[in-house]
Amino acid sequence: MRNTFVKTLVKLAETDSRIFVITPDLGFSVLEEFEEKYPDRFLNVGIAEANAVSIAAGLALSGKIVYVYSIIPFVIMRPFEQIRVDVAYMNTNVRLVGVGAGVTYGPAGATHHAIEDIALMRALPNMTVFAPSDPYEVERITEESINYQGPIYFRLPKKGEPIISNSKNEIRLGKANYIKKNIESEIAILFTSNASDLALDVEDKLLKEGYCSDLVSMHTIKPFDHAALAEILKTKKHIFTIEEHNVIGGLGSVVSEYIAESIYNPVFKRFALPDEYSHYVGSQSYIRDKFGLTAQNITTTILELL
Amino acid sequence: MNLELIAKEIRKSIVKMNAKSYASHSGTALSVVDILTVLYFKIMNIDSANPSLKNRDRFILSKGHGSSALYATLAEKDFFDKSLLEGFYIDGGELPGHLDKEAAPGVEVSSGSLGHGLSLGIGMAIANKIDNNDSNVYVVCGDGELNEGSVWEAIMFAPHKHLDNLTLIIDYNKLQGYGRTNEVINLEPLKDKLLSFNWDVIEIDGHNFSEIESALLKNSKQPKAIIAHTIKGKGVSYMENKFEWHYKSPNEEQLNIALNELL
Numbered sequence: 001m002r003n004t005f006v007k008t009l010v011k012l013a014e015t016d017s018r019i020f021v022i023t024p025d026l027g028f029s030v031l032e033e034f035e036e037k038y039p040d041r042f043l044n045v046g047i048a049e050a051n052a053v054s055i056a057a058g059l060a061l062s063g064k065i066v067y068v069y070s071i072i073p074f075v076i077m078r079p080f081e082q083i084r085v086d087v088a089y090m091n092t093n094v095r096l097v098g099v100g101a102g103v104t105y106g107p108a109g110a111t112h113h114a115i116e117d118i119a120l121m122r123a124l125p126n127m128t129v130f131a132p133s134d135p136y137e138v139e140r141i142t143e144e145s146i147n148y149q150g151p152i153y154f155r156l157p158k159k160g161e162p163i164i165s166n167s168k169n170e171i172r173l174g175k176a177n178y179i180k181k182n183i184e185s186e187i188a189i190l191f192t193s194n195a196s197d198l199a200l201d202v203e204d205k206l207l208k209e210g211y212c213s214d215l216v217s218m219h220t221i222k223p224f225d226h227a228a229l230a231e232i233l234k235t236k237k238h239i240f241t242i243e244e245h246n247v248i249g250g251l252g253s254v255v256s257e258y259i260a261e262s263i264y265n266p267v268f269k270r271f272a273l274p275d276e277y278s279h280y281v282g283s284q285s286y287i288r289d290k291f292g293l294t295a296q297n298i299t300t301t302i303l304e305l306l
Numbered sequence: 001m002n003l004e005l006i007a008k009e010i011r012k013s014i015v016k017m018n019a020k021s022y023a024s025h026s027g028t029a030l031s032v033v034d035i036l037t038v039l040y041f042k043i044m045n046i047d048s049a050n051p052s053l054k055n056r057d058r059f060i061l062s063k064g065h066g067s068s069a070l071y072a073t074l075a076e077k078d079f080f081d082k083s084l085l086e087g088f089y090i091d092g093g094e095l096p097g098h099l100d101k102e103a104a105p106g107v108e109v110s111s112g113s114l115g116h117g118l119s120l121g122i123g124m125a126i127a128n129k130i131d132n133n134d135s136n137v138y139v140v141c142g143d144g145e146l147n148e149g150s151v152w153e154a155i156m157f158a159p160h161k162h163l164d165n166l167t168l169i170i171d172y173n174k175l176q177g178y179g180r181t182n183e184v185i186n187l188e189p190l191k192d193k194l195l196s197f198n199w200d201v202i203e204i205d206g207h208n209f210s211e212i213e214s215a216l217l218k219n220s221k222q223p224k225a226i227i228a229h230t231i232k233g234k235g236v237s238y239m240e241n242k243f244e245w246h247y248k249s250p251n252e253e254q255l256n257i258a259l260n261e262l263l
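Keeping their order, the protein sequence lines are chains A and B. With the first letter of the first sequence counted as 1, position 267 gets the number 267 in the numbering used here; the numbers rise by one all the way through. With the first letter of the second sequence counted as 1, position 2 gets the number 2 in the numbering used here; the numbers rise by one all the way through.
Keep in mind that the hints were calculated from the coordinates and are not lab data. From the three backbone atoms N, C-alpha and C, an ideal C-beta is built for every residue, glycine too. A few of these clues could be false.
Claimed, not checked - Below, simulated DSSO-like cross-link-like pairs (lysine-lysine); rule was C-alpha separation at most 27 Å, straight line: (1) A:Lys222 x A:Lys269; (2) A:Lys37 x B:Lys161; (3) A:Lys222 x B:Lys101; (4) B:Lys191 x B:Lys42.
To be verified - Computed list of chain A residues with no C-beta within reach of chain B, every gap over 10 Å: (5) Thr8; (6) Ala119; (7) Ala227; (8) Ala260.
Assemble the whole structure, with the sequences as input and the hints as a guide.
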């Protein structure tokens with residue numbers, strides 16, 4: 001998805017001279033095309049994330065649309081206070097582009113995992129939180145981000161996630177993206193970001209057990225599509241969320257907060273990573289397995305709840 | 001234009017604002033007044049009737065706790081009516097204790113959390129370069145603010161990009177939140193440090209108008225750092241060089257003494 005993001009940005013920058021890219025020394029083998037084509041609008045500030053974010057805000061205050069690219073913990077956690085003041089408080093057109101959602105960088109260790117990012121970013125006023133599930137979503141929302149007012153956080157996975165969206169045209173920032181919809185189904189599975197493979201697998205497993213479910217990619221965590229959620233609550237008995245993020249503060253929290261204040265009383269369960277750092281060494285799938293975040297476990301739990 | 005009189009008016013506004021609101025940071029606001037006076041009344045290309053003038057010079061007060069000095073200067077320069085200053089740091093007022101760019105025209109950035117301003121200025125200076133806009137960017141940092149690591153990220157970076165349109169002014173008043181600057185973290189040799197990072201460095205008396213002016217006007221091929229030696233609480237005898245006036249506002253009696261001294 002990061003490649004889709006960069007390709008889309010390179011294309012957009014051809015006609016829009018406001019687009020600017022900053023990296024704090026990351027993105028080797030990813031950002032080169034942008035750098036080669038638009039050297040004046042590309043900046044490697046060195047390993048200095050606070051400086052990167054504030055420079056981005058300074059450029060944005062001068063009319064630029066600035067994408068700051070790095071691995072998630074470095075682009076949003078290291079300079080969090082710069083983001084709070086110079087990006088969120090001043091409502092500048094800075095786009096924080098983080099790669100490596102969840103435990104994408106599995107064996108690299110917990111310093112490189114991103115399990116708290118959605119919680120952090122959605123707590124910031126003015127911040128839009130975009131956590132795409134497939135390349136269509138990335139392409140559409142990157143296009144839409146150009147003329148979008150205010151800051152955006154992009155939570156990108158790193159691997160070659162497949163296209164699962166039905167149509168690129170209907171994807172909009174802040175709108176739920178239905179992957180599967182079935183009037184007959186009583187189950188809705190909401191997922192975000194790099195949990196798409198889990199969600200699809202769970203849906204398939206449930207189908208084999210005779211249960212069909214709606215499958216919805218909630219690529220925008222903030223502003224959240226509460227209207228879509230209300231519609232789901234009106235029509236489904238069972239709601240499940242799946243995400244590769246701490247169970248605290250992510251998609252599951254957004255949905256549960258809404259349900260708690262609503263008139264609905266569905267069967268509801270969040271599937272996410274537990275509130276702990278991983279000391280396991282291994283790939284994304286290995287760590288998911290260690291924490292029980294697998295399609296099989298999720299399916300078994302859902303079947304018990306039905 | 002009598003810069004001395006203008007600076008006195010600004011100082012009067014500052015002590016009145018801080019007295020009325022019981023706000024702290026009188027001393028830090030007073031130390032930067034002469035620098036602001038020269039910038040706003042002699043140097044910068046700005047238009048108070050058109051604060052978002054495209055080719056304007058930009059000013060960033062990175063030491064946002066000195067906000068009353070900038071608000072007072074902008075009011076003196078007619079960016080807004082002086083009555084707005086009465087709403088500083090009080091219930092229902094319009095000017096928060098630390099700078100909010102939404103609060104008043106002419107405030108370019110929100111600040112108050114330290115160590116952001118120079119990086120913001122770098123972003124603006126780069127934008128000026130790519131837009132072929134020959135405007136300048138001026139950033140004032142406090143000496144205590146140089147404790148922040150992010151400032152040094154910016155100090156390392158600006159000369160690398162040869163930003164000759166960027167000026168950093170260090171308001172070197174020698175006092176910070178918990179004591180004397182060089183006792184908290186010794187900044188010296190500050191000039192050598194900046195020179196070794198490839199800045200063009202000028203050391204001046206930060207209360208001498210002609211020294212401030214000629215330092216600001218000096219041509220340079222590199223970003224320019226002006227180390228301005230200043231006095232905390234400058235202009236009010238009982239505040240000058242007194243640590244306690246980092247976090248204090250004058251009472252009514254003290255205000256009257258200050259206003260008399262500033263006549």
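Evaluated hints:
{"no.": "1", "hint": "A:Lys222 x A:Lys269", "verdict": "holds, 20 Å"}
{"no.": "2", "hint": "A:Lys37 x B:Lys161", "verdict": "holds, 19 Å"}
{"no.": "3", "hint": "A:Lys222 x B:Lys101", "verdict": "holds, 25 Å"}
{"no.": "4", "hint": "B:Lys191 x B:Lys42", "verdict": "holds, 26 Å"}
{"no.": "5", "hint": "Thr8", "verdict": "holds, 22 Å"}
{"no.": "6", "hint": "Ala119", "verdict": "holds, 21 Å"}
{"no.": "7", "hint": "Ala227", "verdict": "holds, 30 Å"}
{"no.": "8", "hint": "Ala260", "verdict": "holds, 33 Å"}
Violated hints are absent here; each numbered hint is respected by the structure.
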